[in-house]
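**Student:** Protein chains in written order, with our numbering: chain A, 1 to 81; chain B, 82 to 714.
Hints were generated in silico from the structure; no laboratory data involved. Even for Gly, the Cβ is constructed at its ideal location relative to N, Cα and C. Do not take every clue at face value.
Pairs of lysine-lysine, DSS-like flavour, derived with a Cα cap of 27 Å [to be verified]: (1) B/Lys95 x B/Lys305; (2) A/Lys54 x B/Lys95; (3) B/Lys386 x A/Lys16; (4) B/Lys455 x B/Lys341; (5) B/Lys308 x B/Lys363; (6) B/Lys455 x A/Lys3; (7) B/Lys95 x B/Lys111; (8) B/Lys365 x B/Lys386; (9) A/Lys16 x B/Lys95; (10) B/Lys365 x A/Lys15; (11) B/Lys237 x B/Lys306; (12) B/Lys365 x A/Lys16; (13) A/Lys3 x A/Lys36; (14) B/Lys449 x A/Lys15; (15) A/Lys54 x B/Lys676; (16) B/Lys610 x B/Lys293.
Derived contacts from chain B toward chain A, CB cut-off under 10 Å, selection only [stated by the list, open to error]: (17) Lys315; (18) Leu320; (19) Ala331; (20) Gln344; (21) Ser352; (22) Ser534; (23) Lys585.
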Amino acid sequence: MIKVRYFGILRLDIKKSFDEIEAQDVEVLINIISSKYNLDIDELKNSIVFVNGKNINELKGFKTKLYDCDEVQIFSPVAGG
Amino acid sequence: MATIYGGYTGRVLKIDLSLKKVYEYPFSDKERELYIGGKIMAAKILYDNINEKTEPLSPDNYLVITTGPLTGTGAPSSSRFNISTLSPLTNLLTSSNCGGSFGIYLKKAGYDGIVITGRSENPIWIEITDKEVQFHDAKDIWGLKISETQSFFGDKCGKLVIGPAGENIVKYASIFSDERAAGRAGVGAVMGYKNIKAIVARGNNTVNVHDKEKLKNLYKDWVKKLKNHPITGKQLPRLGTAGLLSVMNARKMLATRNFKYGQYKDFEKVSGEYLAEKYLIKNKGCITCPIQCGRVVEVEGKQVKGPELETLGLLGANIENSSLEHIIRWNYVLDELGMDTVSAGVTIAFAMELNERGLWDCGLEFGKIDNIEKTFEDIAYRKGIGNLLAEGTRALSKMFGGEEYAMNSKGLELAAYEPRGAVGQGLGYAVSNRGGCHLNGGYLVVLEGLALSMDAYTKKSKAALTILFQNLMEAASACGSCLFTTYLFIPKYLLEHPNSFLTKVSLWFLKNSSPFVNIINTLPGKFFKFNVSRLPHIRALKYVTGMNMNFGILKEIGERGYNLERMVNIKRGINAKDDTLPKRLISEYQDSRDKRSIVPIEDLKKDYYKIRGWDKNGIPSQKRIKRLRAFGG
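Work the whole structure out from these sequences, hints included.
**Tutor:** Put into structure tokens, the structure is as follows:
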């Protein structure tokens, strides 16, 4: 399971700070979150995403692989752009 | 002294407290063109009136309160005014841009500014109206806290007040206008030393503007821009400045355990998100401000101002406290005592580290929170260890040692950004005219992680961008605007599409932008005779004052101001060795595995001085000063 933490306006909008979700990579994870909270996928893809403390733009972007117990932090854009 | 320009009353009040006499301080239209108002106008007044021997806590020091031409004209986010003086904490010039309504009321009373010198023998409060200036005995209000003092004067007037910390000359006491503080570097101590408990302004004077119709349309458009911008329209109204704490932690730039680390394990418990979820009642802001970044929370059954980002960081992560409830309470207590939460937070964190290392048995410990509130009270009333803590971090390091981790620059405690995670911000702290201030330092952390994510560790282009931001923010502040209005300078697209190819290319460009930025930084203003729509201040100044105005003139006003403030400090004896940071930040890696996690201060300074036209001692060249007409002429 991947530990997902939400920050910024996204967290206020979905009224949730933490989830545990099963996903192989960031893209899949974002898709699951989009469906779960009925969020526009394109807007959600504009979030700032950190995997185990590293920005996905320094890793493999949305193709970054995820492994059991990884921690993903998702920030609304602007909070951390 | 009358003026041909709109936006000004044309009069500056001078008060000699020792003689209890008032005069008009001469300030000409030529000076208005060069120095505009606010902190730059104040820098000119200080440069002309203080010398190398003037003691901050002496009758000879000047307390200068100035508005900008946009203040009181209905400009969005522009109810601001400025307080400058020689700081008892740094012994140098300090300036504090403050919100609340005092600036607007001062103009209603018919004045653009107040210049105060001398010292009253007894505590007084000063009443300034459009008819007269009166000195009143303050015996009935001396000793009162901030809100009690404000209540004494009722509504429909601007109130500038100090609390017990200012009365007892705590070196980082603040001055309050409504719930907003001229917080930093001890302006409240100077007011307290001069025995002024409060200044109250009221009147019916109106401010004329040059082109009312064009201004009305511009302001409408400016408000729209602020409301549509992702930072000023969404982030700040929804989460306030507090909303930046989580991302600072993710980017390793959240000062933790007296700046030993850049991340705090319990950051979520003191975050803006948690504040919004558990404690926020509503948001609030200054008059004429569409941003409404203030947080309203409840303490003792009263609705009061909630903590800002700096307070959350420095009374949370930096002392390893994870109780947001306590931070909210301490924020209220510190405001009521009239004390800067930033310097108070950094000073107690330093004391905790001194205690931990066996250098000062003061009873303060990281993570121990039961004695903090009493410590703040003791600081304000200078009791016990509070009497020493009231002197600030640098003074404590001289008493007990630990200079290498006494988190100040030029005597002013650093803000909550750990600069080893944002080296441009580190440069800003080191060269800032008022000491370790994030805003006066250029606030490069906005590009290095808060809003955009340019490479936070590279030295490339950091000096150039710092100078550009310092100059533009200096000019915006002098207009009477909140510094948040300069966020419009950052393109919306880049903020809203952080993962796009275009944003990545733009960030690469930003990293390599120094040759282009330095064209702006070094060429005279006459080469930039155009408007920049992202800076509505340009056209606002033109329509309010009737002065010729364009980007070149505005950026040169900012550069002139920054250099003039520097020259005040040069007069006070600073040089390149003072533009530095505590050793921890420049010689110890934040993360021993990451050799970039350190502030390469000497390299950054070298670039900075060269672009500024300063010599290796950090002294502005005669050529640059002459070109800028920094001293007038």
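**Student:** Does each hint fit the structure? Answer for all of them.
**Tutor:** Outcome of the hint check:
no.	hint	verdict
1	B/Lys95 x B/Lys305	violated (39 Å)
2	A/Lys54 x B/Lys95	violated (56 Å)
3	B/Lys386 x A/Lys16	holds (26 Å)
4	B/Lys455 x B/Lys341	holds (25 Å)
5	B/Lys308 x B/Lys363	holds (18 Å)
6	B/Lys455 x A/Lys3	violated (40 Å)
7	B/Lys95 x B/Lys111	holds (19 Å)
8	B/Lys365 x B/Lys386	holds (9 Å)
9	A/Lys16 x B/Lys95	violated (56 Å)
10	B/Lys365 x A/Lys15	holds (22 Å)
11	B/Lys237 x B/Lys306	violated (30 Å)
12	B/Lys365 x A/Lys16	holds (25 Å)
13	A/Lys3 x A/Lys36	holds (15 Å)
14	B/Lys449 x A/Lys15	violated (32 Å)
15	A/Lys54 x B/Lys676	holds (17 Å)
16	B/Lys610 x B/Lys293	holds (23 Å)
17	Lys315	holds (6 Å)
18	Leu320	holds (7 Å)
19	Ala331	holds (5 Å)
20	Gln344	holds (8 Å)
21	Ser352	holds (8 Å)
22	Ser534	holds (6 Å)
23	Lys585	holds (7 Å)
Consistency with the previously given hints fails for numbers 1, 2, 6, 9, 11 and 14, ordered from lowest to highest.
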